[in-house]
Amino acid sequence: MSGAASPGKAAVQAPRRMTRWLIVFGLLAPALLLYATVYLGGMAIIGLASFGLGPNAEGGATLANYREVFASAHIQTVVLRTLRVSAITVIACLVLGFPVARYITSPDARWRSFVVMAVLSPLMVSAIGRVFGWIALFGPGSWVAAQTMHFFGTRATGLLYTEAGVVIGLTNILLPFMVLSIAASRANLDESLLKAAASLGATPTAVFWQVELPLNLPGILGGVLIVFSLSITNFATAALLGGSGRDVVAYEIYSNILTYHQPGTGTALAILLLVCSVAIMMLAIWVGRRADAMQAARAET
Amino acid sequence: MPGVKEIPQGAPPHLELRGVSKALGGRTVLDHVDLEVAKGDLLGLLGPSGSGKTTMLNIIGGFLSPDSGTVRIAGQEIAGLPPHRRDIGITFQGYALFPHLSVFDNVAFGLKQRRAPKPDIKTRVTEMLALLGLSGHETKLPRALSGGEQQRVALARALVVRPRLMLLDEPLANLDAALRHRVRFEIRAVLRRTQVTSIFVTHDQDEAFALCDRVAVLNQGRIQQIGTPADLILAPANAFVAGFIGSPNMLTGQAISYDEASKRATVAVNGFTHAVNCKTPVAPGTPLTIFVRPEEVTLSPATSGGGPFQVKDWVYLGSGREIWVDGPAALRVRLPNDAEGYERGERVTLSWRPERAHAFPADAESRAADGHDTAQVRR
Amino acid sequence: MSRVVVLFSVVFALLPGIIVFVASFSAGNSLAFPPRDFTLHWYGVILRDPEFSSALLMSVMLAGVTSVVATAIAALAALAINRYRTPMTMMIEAILLSPMVVPHVVIGIGILQIYIIYGLRADLMTLTTGHLIVTIPFALRLLLASLAGLDRRVEMAAASLGATPFTVFRSIVLPQMKMGIAGALVAAFILSFDDVSLTIFLVQPGYTTIPILLFNQAENNPGPAIHAASVVLLLASWIAILLIDRLMGFERLAFASRK
Numbered sequence: 321m322s323g324a325a326s327p328g329k330a331a332v333q334a335p336r337r338m339t340r341w342l343i344v345f346g347l348l349a350p351a352l353l354l355y356a357t358v359y360l361g362g363m364a365i366i367g368l369a370s371f372g373l374g375p376n377a378e379g380g381a382t383l384a385n386y387r388e389v390f391a392s393a394h395i396q397t398v399v400l401r402t403l404r405v406s407a408i409t410v411i412a413c414l415v416l417g418f419p420v421a422r423y424i425t426s427p428d429a430r431w432r433s434f435v436v437m438a439v440l441s442p443l444m445v446s447a448i449g450r451v452f453g454w455i456a457l458f459g460p461g462s463w464v465a466a467q468t469m470h471f472f473g474t475r476a477t478g479l480l481y482t483e484a485g486v487v488i489g490l491t492n493i494l495l496p497f498m499v500l501s502i503a504a505s506r507a508n509l510d511e512s513l514l515k516a517a518a519s520l521g522a523t524p525t526a527v528f529w530q531v532e533l534p535l536n537l538p539g540i541l542g543g544v545l546i547v548f549s550l551s552i553t554n555f556a557t558a559a560l561l562g563g564s565g566r567d568v569v570a571y572e573i574y575s576n577i578l579t580y581h582q583p584g585t586g587t588a589l590a591i592l593l594l595v596c597s598v599a600i601m602m603l604a605i606w607v608g609r610r611a612d613a614m615q616a617a618r619a620e621t
Numbered sequence: 088m089p090g091v092k093e094i095p096q097g098a099p100p101h102l103e104l105r106g107v108s109k110a111l112g113g114r115t116v117l118d119h120v121d122l123e124v125a126k127g128d129l130l131g132l133l134g135p136s137g138s139g140k141t142t143m144l145n146i147i148g149g150f151l152s153p154d155s156g157t158v159r160i161a162g163q164e165i166a167g168l169p170p171h172r173r174d175i176g177i178t179f180q181g182y183a184l185f186p187h188l189s190v191f192d193n194v195a196f197g198l199k200q201r202r203a204p205k206p207d208i209k210t211r212v213t214e215m216l217a218l219l220g221l222s223g224h225e226t227k228l229p230r231a232l233s234g235g236e237q238q239r240v241a242l243a244r245a246l247v248v249r250p251r252l253m254l255l256d257e258p259l260a261n262l263d264a265a266l267r268h269r270v271r272f273e274i275r276a277v278l279r280r281t282q283v284t285s286i287f288v289t290h291d292q293d294e295a296f297a298l299c300d301r302v303a304v305l306n307q308g309r310i311q312q313i314g315t316p317a318d319l320i321l322a323p324a325n326a327f328v329a330g331f332i333g334s335p336n337m338l339t340g341q342a343i344s345y346d347e348a349s350k351r352a353t354v355a356v357n358g359f360t361h362a363v364n365c366k367t368p369v370a371p372g373t374p375l376t377i378f379v380r381p382e383e384v385t386l387s388p389a390t391s392g393g394g395p396f397q398v399k400d401w402v403y404l405g406s407g408r409e410i411w412v413d414g415p416a417a418l419r420v421r422l423p424n425d426a427e428g429y430e431r432g433e434r435v436t437l438s439w440r441p442e443r444a445h446a447f448p449a450d451a452e453s454r455a456a457d458g459h460d461t462a463q464v465r466r
Numbered sequence: 003m004s005r006v007v008v009l010f011s012v013v014f015a016l017l018p019g020i021i022v023f024v025a026s027f028s029a030g031n032s033l034a035f036p037p038r039d040f041t042l043h044w045y046g047v048i049l050r051d052p053e054f055s056s057a058l059l060m061s062v063m064l065a066g067v068t069s070v071v072a073t074a075i076a077a078l079a080a081l082a083i084n085r086y087r088t089p090m091t092m093m094i095e096a097i098l099l100s101p102m103v104v105p106h107v108v109i110g111i112g113i114l115q116i117y118i119i120y121g122l123r124a125d126l127m128t129l130t131t132g133h134l135i136v137t138i139p140f141a142l143r144l145l146l147a148s149l150a151g152l153d154r155r156v157e158m159a160a161a162s163l164g165a166t167p168f169t170v171f172r173s174i175v176l177p178q179m180k181m182g183i184a185g186a187l188v189a190a191f192i193l194s195f196d197d198v199s200l201t202i203f204l205v206q207p208g209y210t211t212i213p214i215l216l217f218n219q220a221e222n223n224p225g226p227a228i229h230a231a232s233v234v235l236l237l238a239s240w241i242a243i244l245l246i247d248r249l250m251g252f253e254r255l256a257f258a259s260r261k
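These protein sequence lines are chains A, L and V, in that order.
Just so you know, we're using the numbering used here here: the first sequence kicks off at 321 and counts up by one.
Just so you know, we're using the numbering used here here: the second sequence kicks off at 88 and counts up by one.
Just so you know, we're using the numbering used here here: the third sequence kicks off at 3 and counts up by one.
These aren't lab readings, by the way, just hints derived from the structure by calculation.
Incorrect hints may appear among the rest.
[As the list claims (entries may be wrong)] Derived DSS-like pairs (lysine-lysine); straight-line CA-CA distance at most 27 Å:
no., chain 1, residue 1, chain 2, residue 2
1, L, LYS227, L, LYS209
2, L, LYS227, V, LYS180
3, L, LYS366, L, LYS399
4, L, LYS366, V, LYS180
Construct all of the structure, not just a fragment, from the sequences and the given hints.
In C-alpha cells:
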C-alpha cells in the first residue's frame with residue numbers, strides 16, 4: 321500500500337495474499353457451489369417462470385401470470401384469509417409473549433429455566449407431531465367439539481378446520497420467536513430506569529406505559545414483523561388445521577404447482593410471497609440494528 | 088544486581104528496530120521508531136494507552152508487518168518470518184492460556200512444536216512449574232486457577248522453550264493491587280534467573296521502574312526517551328516525559344533570563360520568580376511550561392505573614408501528606424506524614440532545587456498537556 | 003395477572019405434545035381426546051407397518067447425512083467468514099444465511115424446478131441436497147457464534163510458541179469449536195428430521211419421510227396410529243433439546259439461531 325514498502329517485502333507479500341484468497345474461496349467453495357446451483361438457480365427459474373420465461377417456455381416475457389393472480393377472486397380470498405389469520409396470530413403472540421419475555425428476563429424468576437425450556441421448545445419440537453394434538457383436541461368427538469356444539473349449537477366439528485384453530489396452531493409454533501425478540505431487547509434494559517421512574521413518583525401503570533413499553537418497542541416491533549412473516553409463509557400447520565377450502569397462500573402455491581399443475585400462477589404467487597416475506601424480515605433486521613445502534617449510543621454517553 | 092548495560096561497541100544489539108512505521112486504519116500508530124535492546128537486558132516500554140505499545144509488540148512478534156523499517160534479532164532481519172518461526176516468547180494481556188488444555192499441556196505446548204523428546208518435555212515442564220511455584224497444578228484446567236496462578240502459567244509457557252526474546256504485554260494488568268506487588272518481584276526474579284532478553288509493556292510507570300533496567304517512553308507512535316528510571320525522572324528529554332513521569336505540577340510562565348553555562352532559566356509565574364532547569368536556550372519573554380513534582384517542592388511559613396501562597400487544604404495520601412496551595416499558581420506539595428503545621432489559610436512561601444524543575448518552551452505545550460492529563464487520571 | 007399469562011403460555015406450549023402422547027395410548031378407534039381406555043396397540047400397528055418403518059429409516063438416514071454434511075460445509079464457511087472479514091465475505095455470509103428468511107415453500111419449488119430440468123428423481127442424495135439449503139444457515143449461525151467467542155490472542159500465543167498455522171487450527175481452534183459443532187449437528191439433524199414444507203416438493207413414492215407420511219395421512223384419512231407415529235417425532239425432538247441443553251444450553255442456542 322505505502323510507497324515506503326521495500327520491493328523485497330512486496331515480493332514476499334504478494335504470493336501470501338494470493339494464498340490467503342485461495343484458502344478463503346476454498347473454504348467457501350462447497351457452500352457457494354451448492355447455493356448457486358440449487359438455491360439461487362432454483363429461485364431464478366421461479367422468477368423467470370413467473371414472467372413466462374424459462375427453458376420450456378414459448379413466447380416472450382409476459383405479466384399474464386401476475387395479472388391472473390391479482391384478478392382471481394379465489395386467490396384474493398386466500399390472501400385475505402392468510403393476512404387475517406396472520407394478524408390475529410401476531411396479536412395472540414404479543415399478548416402471551418410479552419409477559420413471558422418479562423418473566424424470563426426478571427432477576428427473581430424462580431421457574432426461569434423451566435419456562436424457557438417449555439415456551440421455547442416449539443422451536444425444535446416437531447411441528448407436524450404437535451399438529452395432531454390440536455386435531456385430537458379440536459376434532460369431531462372431542463371434548464372441545466362437544467363444548468362448541470353445546471354453546472353454539474351448530475355442527476359438532478369443534479375448532480378443527482376453522483380459522484380459530486389455525487390461529488391457535490400458529491400461535492403455538494410462533495410464540496418462541498416473539499418471546500426471543502422481546503427478551504433480547506429486554507436484556508439491554510437497565511432495571512434502574514424503572515426504579516428511577518418509580519422513585520420519581522410514577523405509578524406502576526405509568527412506569528409500564530411511559531418507560532418500560534417504549535424501551536421494549538424495538539423488540540416488540542421485531543417480534544411482530546418476524547411472527548407475521550413466518551405466519552404468512554407457514555405451510556404445514558395452516559394446511560392441516562385449516563383443512564380443504566380454507567387454504568392459505570403457501571398451500572395455494574403448493575397445490576397450484578403440484579396438484580393442479582398451474583405453474584404460472586403458482587410461481588407468480590411464490591415470487592410475491594417471497595418479496596413480501598423478505599421485505600418484512602429485512603425491516604425486522606433493520607429495526608434490530610437500529611435498536612442496537614441506539615443502545616450503543618446510549619452506552620457511550 | 089547489574090546496573091545499566093551500555094551496549095558494547097561493535098557488538099550488534101540483540102533486538103534492533105530501525106525506522107519502523109505502521110499505519111492502522113489510516114492513523115499513524117508507529118512513526119519511525121528506533122529501538123535497541125542489548126542481550127540479557129530488561130527493557131520497559133511505557134506509554135499511555137493508544138501510544139502504539141501493543142502495535143510495536145505485534146510487529147516484533149510477527150502478527151503485523153511494518154509499513155517500513157527493519158526488525159532484527161541478533162543481526163538477522165526477521166520481517167519475512169511468520170510468528171511461529173521467530174522463537175519469541177510472549178505473555179499476552181489476559182494470559183491467552185489454552186482453555187481446553189491442562190496446565191502441564193499448556194506449558195508443554197511449545198516444546199511439542201519443537202519436537203522435543205517426551206522425557207525431555209516432562210523434565211523441563213516440571214522444572215519450570217517448580218520454578219514458578221506451580222507444582223501440584225499440572226492436571227488442572229486454566230479456569231480452575233486464580234489470576235496470579237494463570238499469570239505464572241503464561242510466563243512458564245513462554246519461558247520453557249528458552250526463547251531468544253520475551254515480550255510481556257501488561258502482565259500485571261489483570262491482577263488485584265496486593266498481588267500485583269508480589270508478582271512484580273517474582274517476574275523480575277525469574278527473568279533475571281533465566282537471563283532472557285525481555286521487553287515489558289506497561290502503562291504503569293511504577294511497574295516499569297520496579298522491573299526494568301531501562302525504560303522507553305512511547306507516545307503517539309514515537310519513542311520520546313530511552314533511559315534508566317533515574318534518567319527519566321531527573322533529566323526528562325521533553326515536555327511529554329516531564330509531564331508523564333511522576334504526576335508533576337504543571338505551571339505556565341515566561342523566561343526572565345537564561346544562563347547558557349548552567350542551562351538554567353529564571354522564570355516568572357504570575358509574578359512569582361524561581362530558577363529552573365532548561366535545556367534549550369530561551370530568550371527573555373519566551374512562554375514556558377514548567378514541571379515540578381510535589382515531593383520536590385519545599386514549604387516554609389511566610390515570614391512577616393505575607394507570603395505569596397496560601398494553604399487551601401491538605402490530605403493524607405498514605406505515602407505522605409499532600410498540601411494544596413494556591414497563589415500565583417495552584418500546586419500540590421508532598422510532605423512527610425509527620426510534617427506538622429500548614430493549616431488551612433496559612434500564608435507560605437515555596438521553593439525547589441532549580442535542577443529538579445524542568446522548563447520547556449510552550450510550543451510543545453499541546454503534547455505536554457496530553458501527558459499531564461494522563462498522569463492526573465492515573466492517580 | 004402477568005404470572006397467569008406465563009403459566010397459560012407454558013401449558014399452551016406443551017399442551018399439543020401432551021395430548022398426542024396421551025392419545026397414542028387411546029383404545030378408542032377415533033382421533034378424539036380425551037381417550038377412554040388405554041392400550042399399546044397403536045405402537046404395535048406402526049411397528050408392523052412397512053410404510054412406517056421404511057419412512058423412519060429414510061428420515062433417520064436423511065437427517066443423519068444432512069446434519070453431518072451441513073455442519074461440515076457450514077464449518078468451513080464459518081472459518082472463512084470469521085477469519086477474513088471483508089465486504090465480500092460479509093455479503094457471502096448474508097447469502098448463506100438468507101434461506102432463513104425465504105419461505106420454505108419457495109425454496110422447495112425452486113429446487114424442484116432445478117431437479118426437473120436436470121431430470122433428477124427423488125433419492126437420498128437429492129433430498130439431502132434440498133435439506134442442506136435449509137439446515138446450513140442454522141449450522142452456520144451456531145458455528146459463527148462459537149467462533150466469535152474465541153480469544154484470538156490464544157492463537158497468537160500458540161503461534162509464538164512455534165505452532166504452524168495448521169497446528170494452531172487443529173490443536174487450538176478445532177477443540178474450542180467442539181460445542182458449536184455438536185450443537186450444529188443436533189440442530190441440523192432435528193430440522194431435517196422434522197421438515198415438511200420443503201420435503202413435500204421433493205419426495206416421491208418410496209422415499210417418504212415420517213413427517214411427510216403423517217402429513218399425507220392427515221390430509222386423507224387419519225387413524226389413531228398417527229398419534230403413535232407423532233410420538234416418535236416428538237421424542238426425537240425432545241431428546242435433541244435435552245442434548246443441546248447439555249451441550250451448550252438450549253437458551254443459548256435459541257438466541258444464537260434467532261432469525
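Hint check results:
no. : hint                  : result
1   : L:LYS227 <-> L:LYS209 : 16 Å, holds
2   : L:LYS227 <-> V:LYS180 : 20 Å, holds
3   : L:LYS366 <-> L:LYS399 : 33 Å, violated
4   : L:LYS366 <-> V:LYS180 : 62 Å, violated
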